[in-house]
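Those letters in the sequence shown? Residues 2 to 66, per the working numbering, in order.
If you are wondering where the hints come from, they were derived from the structure by calculation, not from laboratory data.
Hints are supplied without guarantee of correctness; some may be wrong.
[What the hints assert, rightly or not] Taking CB as the label site, the calculated pair distances span:
no., residue 1, residue 2, range
1, Gln23, Cys55, 17 to 23 angstroms
2, Val12, Gly42, 32 to 38 angstroms
3, Ile18, Gly45, 18 to 24 angstroms
4, Val12, Thr50, 30 to 36 angstroms
5, Asp53, Ala8, 48 to 54 angstroms
6, Asp53, Val12, 38 to 44 angstroms
7, Ala8, Asn41, 42 to 48 angstroms
8, Cys55, Asn13, 41 to 47 angstroms
9, Asp53, Cys17, 23 to 29 angstroms
10, Thr50, Ile18, 20 to 26 angstroms
11, Asp15, Asp53, 28 to 34 angstroms
12, Glu54, Glu31, 26 to 32 angstroms
13, Asn41, Ile18, 24 to 30 angstroms
14, Glu54, Thr27, 19 to 25 angstroms
These numbers were taken from a predicted model, which means no experiment stands behind them.
Note that CB positions come from ideal geometry on N, CA and C, so glycine has one too.
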Amino acid sequence: MLYFLGAWCEVNIDECISMPCQNGGTCIDEADQYHCVCPNGFFGPDCETNIDECLSTTANKLSNK
2 MLYFLGAWCE VNIDECISMP CQNGGTCIDE ADQYHCVCPN GFFGPDCETN IDECLSTTAN
62 KLSNK
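The task is simple: from the sequences and hints, build the whole structure.
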């Protein structure tokens, strides 16, 4: 369900207009909200968090010793 404004409900409220997705994320306009599809290496509601592959690899190597 999308939300609309106007005398004849002809104007869609686009939550993606402010470009909330960061780091190259793609915004999907949904009913009264938005959803970001994050590129590889990023996560979070707005793709704001960088996944540090080096840090997780180092942690795994250290825990396996």
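To see whether the hints hold, each was checked on the structure:
1. Gln23 x Cys55: 17 to 23 angstroms: holds, 21 angstroms
2. Val12 x Gly42: 32 to 38 angstroms: 36 angstroms Cβ-Cβ, so the 32 to 38 angstroms window holds.
3. Ile18 x Gly45: 18 to 24 angstroms: holds, 20 angstroms
4. Val12 x Thr50: 30 to 36 angstroms: Holds - the Cβ-Cβ distance for Val12 and Thr50, about 34 angstroms, lies within 30 to 36 angstroms.
5. Asp53 x Ala8: 48 to 54 angstroms: holds, 51 angstroms
6. Asp53 x Val12: 38 to 44 angstroms: holds, 42 angstroms
7. Ala8 x Asn41: 42 to 48 angstroms: holds, 44 angstroms
8. Cys55 x Asn13: 41 to 47 angstroms: holds, 42 angstroms
9. Asp53 x Cys17: 23 to 29 angstroms: Because 28 angstroms falls inside the window, the suggested range holds.
10. Thr50 x Ile18: 20 to 26 angstroms: holds, 23 angstroms
11. Asp15 x Asp53: 28 to 34 angstroms: holds, 33 angstroms
12. Glu54 x Glu31: 26 to 32 angstroms: holds, 30 angstroms
13. Asn41 x Ile18: 24 to 30 angstroms: holds, 26 angstroms
14. Glu54 x Thr27: 19 to 25 angstroms: At 21 angstroms between Cβs, range holds.
Violated hints are absent here; each numbered hint is respected by the structure.
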